[in-house]
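**Student:** Taking the hints as your guide, dock the two standalone chains into a single complex.
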Amino acid sequence: MIDFELTPEEEAAVKVAHKAAEELFRPISRYYDEHEHESPQELIDTLWEKRGEVGMLSLSLAAALGIEELCWGDAGLMLCNPGPSLGGAAVWASGTPEQRDRFLKRFNKGKPKWGAMAMTEAGCGSDTSAITATAVRDGDEWVLNGEKIFVTQGKRALEDSDGIVVVWATVDKSAGRAGMKSFVVEAGTPGMRVEKLEKKLGIRASDTATIIFEDCRIPYENILGSPEVRKLDKTKTAGFQKAMATFDATRPIVAAQALGVGRAALDFVKETLEKEGIEIRYGLPRNKLSALERDVMDMEAHYKAAKLLTLRAIWMLNQGQPNNLEASMAKAKTGLAVTRITQKAVELMGPLGYSRKYLLEKWMRDAKINDIFEGTGQINMLIVARRVLGYSRDQLK
Amino acid sequence: MISFSPSEEQQMIVNVVKQFATDEMRKVYREADESGEIPARIIDAAWGLGFISSSIPEEHGGAGSEHSTITGSLLAEELAWGDLSMAMHTLCPTLVVLPILEMGTEEQKRKYLPAFCREKYKAATAALMEPRFNFDPYSLSTTARLDGGNYLLNGEKCYVPLAADADLLLVYATDNGSNQGFILEKGASGLEIGAPEKNMGIKALSTYELALKDCRIPRENRLGGKIGCDFNRIMNCSRVALSAMAVGVARAAFEYSRDYAKERVAFGEPIAARQAIAFMLAEMAIEVDATRLMTWEAAWKLDRKEDATKEASLVKMYADDMAVTVTDRAVQILGGHGYIREHPVELWLRNGRGFAAFDGMAIVYKEIQHYD
Ligand SMILES: Cc1cc2nc3c(=O)[nH]c(=O)nc-3n(C[C@H](O)[C@H](O)[C@H](O)COP(=O)(O)OP(=O)(O)OC[C@H]3O[C@@H](n4cnc5c(N)ncnc54)[C@H](O)[C@@H]3O)c2cc1C
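If you're matching them up, the sequences are chains S and U in order.
Quick note: the first sequence, position 270, residue 288 per the working numbering, numbers continuous.
Quick note: the second sequence, position 328, residue 349 per the working numbering, numbers continuous.
So that you can see chain U by itself, here it is in the shape it has in the complex (with noise of 0.2 Å):
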């Protein structure tokens, strides 16, 4: 039956994050995105809400909920409502949480789920994206190699968050021509991680480029086993999230900019109470409510364990447009204070920006320059 209505439970969780976005991650925002640096307290505290560790089950450490797409979608917009940097930093370790509880062999579950349970944030991430013109995920440079009982990783990465503090590293790499997922622990011999790198928006979260050479690991390391994963699900779980964290910017940009032109006069009226100003908030307030809707049903599809990937295509495709266009609004909205660095829409400008070039799980600006 057609429902428009977060559970109860849902809406406390979003109420909730809300809050804590609210009191603590709106409160440092800018200087963590000129600093490039995240206070470690709003990480942990962030973290100590239990969102991860909620979906893992009891058997391993875990609050054992069933893990719901749609909740992680209202999760992930109020978290990127606060800052994108700080949600992408918090939610980070779910790139190797999930596919390994949805897809992992119980061997891996048993051994490496237990320790995002605990109450210290644990530093997780997946490398997808690779540095090169027409970057494609569905085929990867990077390559797996069996080698007697290991297998050897070769080819680079590039925008890996937090790759420098991760334990562990979920690496995708073609694996005899399909897309399998590789579980790299700390400090593996062959990985080289390079120094951070230096982008135009979500400057508080650390990426990183990194190199595989004959990067050997256990063969039991392969997400799946077997098995394997389905890397499209991966793919698709990743857009939602995305989109749902583009509702999230896109929605703070449009509260913001919202309440400035009812405050800000000009020619003896308020602007807000000019069409050209009005429908463009309208407009903004439209698109902002469709991608959440859209989001929510590519993420009711995924919870039914169905091939979501036109939905998910779909709704990422819009939601990388409406994020950059509503942004861009709140900007011109501020005038020549929505360029200053004093008011947030600049920043949001700029986070919003990436979304269009993130496909998969990392920060492509390179991409942008190409293809926009």
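So here's chain S without its partners, still in its complex pose (with noise of 0.2 Å):
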């Protein structure tokens, strides 16, 4: 049956995220944004404290509601909300529940902690077969060579942490796709550094960091998934393709937190037409409206469609329904949508919306990066692609 009301728990949800964001994010919102690369340590415990209450484990609906309500404070600093994160979202979908055990028991006791993905190297960032990393197999253990980029929470995991990052890398170079395996390293493993902090466009609070590998060894049960190479047709590349369904469930996550930051701008713009009096006369005919209504109107009807998108994959995910058309579809829809709603919200707004006393400018800044990682709008919209066409990778590159 059709039907778009929240629960009564996922209303509680969507209030206290939103609470938290109206009193723990914004208030440091702008601070954070200038001292880039300071970590919001009094956030951080307060988040860590509270985790139950947000549930950051989980990928259900009530959990996405509350990612947006906290990126509606501020999706940097939601970004350091320790826990698994992507690291352990990949662990999830793809290990075996000993492993489940071993590597996310930590992430409800003791210290904050965080989870970590490494795929992105300074060669390849969409083309993830190009992966040059090495894994070599040595007896029992697996011995890591190379250098990951852009890593989500790469220090906050390894240095300020026990966490673990998930890092892909190639078993055989020969197989492509084939060969391309993740594997769980703990933080304070030996062979591993963080080397640099990027400094960014938006979302500052979150670092970015460079890791290198040089003969990291992990144990030889820390590879998710198969360790074995399969060389089918170049068409088949199940292993890979399983590993990939994480994303399924972590696009439409990312959707949440873009919808965030883009129904922030939506909310400004709105309330400070309603300040200056000036009332969005839904219903009437556009021929009737201002060129101001219509644009509000626009970036409204386009937020819409994004979280309807989103929630759809959300909810297709937890009812077990295969979900990656649907979750590219709207990771895809909501990354544009919320540059775009972000942007003109700077427009419209003139003098507030390019000023730095208001956090308007930041939020078009922050927004871009939904268009960027956990696929970029064009990979996203490959997918959505080739699903639609019944196509494959090499019929659709």
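Hints were generated in silico from the structure; no laboratory data involved.
Treat each hint with caution, since some may be false.
[Unchecked claim] Heads up, incomplete: computed chain U residues facing chain S, CB under 8 Å, no partners named: (1) I23; (2) E140; (3) Y142; (4) A144; (5) R279; (6) I292; (7) F300; (8) A303; (9) E318; (10) W321; (11) Y339.
[Said to hold, decoys possible] With a straight-line cut-off of 27 Å between C-alpha atoms, the simulated DSS-like cross-links for lysine-lysine are: (12) U:K322 to S:K288; (13) U:K322 to S:K33; (14) U:K39 to U:K141; (15) S:K306 to U:K331; (16) U:K141 to S:K306; (17) U:K331 to S:K33; (18) S:K288 to U:K331; (19) U:K331 to S:K293; (20) S:K68 to S:K37; (21) U:K331 to S:K37; (22) S:K415 to U:K283; (23) U:K283 to S:K306.
Glycine is no exception: its CB is placed at the ideal position from the N, C-alpha and C atoms.
**Tutor:** Structural data, given as structure tokens:
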């Protein structure tokens, strides 16, 4: 039965998260934007204490709605939220029960911890099949070598806590995608170091690290999924696909993050107009609307479109339905929608939009990342296109 | 609890209509567009599926299931996927039935609803649009004035579908500053129906201008009697129905151009293997889905009897733009062949272009020229 009503628990999750966004995030938002690489320790401790309440581990609808609210507060700070995050999602999606237990349990106790995911390299981002980092088996160990860049919370996971990072490396270069595997590396493992933190356009509170692996040895059991390299025909890359399935869970979550930033900008615009006594006259025919009203309605409609696609992708995930197409639809739409919404908001608000006295300009900078990470807009369009056409990677590049 | 799956019953309706659209409507839509006429058997067959009578209470001859705007949206999308003219023709009586069902007096229900529960299609229509520049449905020029026991209606209406055949006509007019509906029966004195209008699209649906010159109707024929009607809600229902139809037309165009792109070879490969084409298709798929979800959400709100003005207006605006973009892209993907009247995409573009101009119930290509 088609229904759009939130359950009382979901309503409650939204409320709790919104309150946290207003009280904990917004007041320090500007500070950590201007003091890049400084850690919001107090916030981190508070969030760690409250983690049960906000429910960061699960990918439930309530969690996604909560994430939207927190990002409405501040997307960069939200990314600092301790928890298993993308690395955890990978373990969850393709790890064995034993691995889930071994790697994820830590996130329920002790001091704040982070999970991270290291896929991207200087030479390849979108084209994950071109990864050059290597994993070589040596007895009951894997030896990792290579350099990973742009690892979100890489430093917090490895240096500031006993967290984990899921690293992508090839066990057999000649095998292409089939040779690509993911490995869990725990903080404190010798042969691994954080090289630098990036300076960014937005989400500055979130650390984005370069990690170097030099003969980094990890237990053989830290490989996620099967160690076997199956050289099937080129169109079938089953092992890789399974790992890629992580994205079906994480893309809608990133979309939810994006929605929060978009809505922050939209709310700012609407509040400003309200203060000025300007009303959006929904229901009037378009020929009667002012250009401003049309712009605002357009922004709202795109936000709504993105939100509903996102909710659908998460709902399907929770129903156990394959959602690869819908997850990419949501991500592609949302990344672009919030990029445009925030840019339009800066335009509409004039001096209020451009001034660093207000947070709007920051939201525009923050929003842009959503069109880039977890698959750029183009990569997600590519996935949607392949799905609707029934094409393989080779048929549509 | 959030859910995106239609009920079993709704899915059954969708399947039946989809089948009907494929087997019947899609076979004759081109001919209907060229000739301006829809074969009567199609309309009778569509009518025979019983969707309109199903929500009429048993005491008035219907099946008595509660009217659901969501089900209505699913139905409208499938019918419009088949053909927009036929969809509008088939659903035209709802422009009268639904307002009477929701807002009519007991007397009005008893008097008018049973006729829609019979086997044969019964034409009925509504008149909202007015043939003037800068039309705004919230400030109508057509007036209704009490004169003893009667209302006198004066004004001009345009783009009234099926006006010449309709047994019942619901005319919207301002009654002491508020928009109200007035039920006219066929042949009402002072009601003059013009020649069929000629439009760019939806050509198989005949629409008319009409003039009301001291058109006299009994006082009881005001929709909802003393209480009157909730005009805004009627507008919102119509916006949702039109958005659902826009989704149907756009989906048709998306599917057709997708299949074509996989067949058509250029430079040694199917054109779909090129990102320029594939990304257009991806965007079409995303926007069709997004608009459908927005339509459902607005419909859901209407079914809960909440004010859906915001949702309905947003989805209507979004659907208007989406329908044009998607149908235009479909023509583009077919290239020169898309421009030829052998393929349906040019027809869908002409039809899709109409949505931006329908607010309320009628088709206003004139408006488009002024404002877009
Ligand atoms: C702040 C931040 C945080 C990040 N966090 C992480 C993280 O935690 N873990 C991680 O592994 N990575 C992370 N990334 C990396 C991110 O996922 C990549 O930057 C992204 O996938 C794009 O890769 P790239 O930068 O190498 O761009 P490229 O792949 O070089 O792409 C450049 C341009 O080409 C386009 N393009 C590429 N291939 C195609 C194609 N086939 N068809 C059409 N267009 C194409 C892209 O869309 C893009 O517009 C992060 C990046 C940033 C900026």
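**Student:** Please go over all the hints and tell whether each is borne out by the structure.
**Tutor:** Hints versus structure:
no. : hint             : in the structure
1   : I23              : 6 Å, holds
2   : E140             : 31 Å, violated
3   : Y142             : 29 Å, violated
4   : A144             : 27 Å, violated
5   : R279             : 6 Å, holds
6   : I292             : 11 Å, violated
7   : F300             : 5 Å, holds
8   : A303             : 4 Å, holds
9   : E318             : 5 Å, holds
10  : W321             : 5 Å, holds
11  : Y339             : 4 Å, holds
12  : U:K322 to S:K288 : 22 Å, holds
13  : U:K322 to S:K33  : 22 Å, holds
14  : U:K39 to U:K141  : 22 Å, holds
15  : S:K306 to U:K331 : 16 Å, holds
16  : U:K141 to S:K306 : 41 Å, violated
17  : U:K331 to S:K33  : 23 Å, holds
18  : S:K288 to U:K331 : 14 Å, holds
19  : U:K331 to S:K293 : 20 Å, holds
20  : S:K68 to S:K37   : 13 Å, holds
21  : U:K331 to S:K37  : 26 Å, holds
22  : S:K415 to U:K283 : 15 Å, holds
23  : U:K283 to S:K306 : 43 Å, violated
In this structure, the hints that do not hold are numbers 2, 3, 4, 6, 16 and 23, in rising order.
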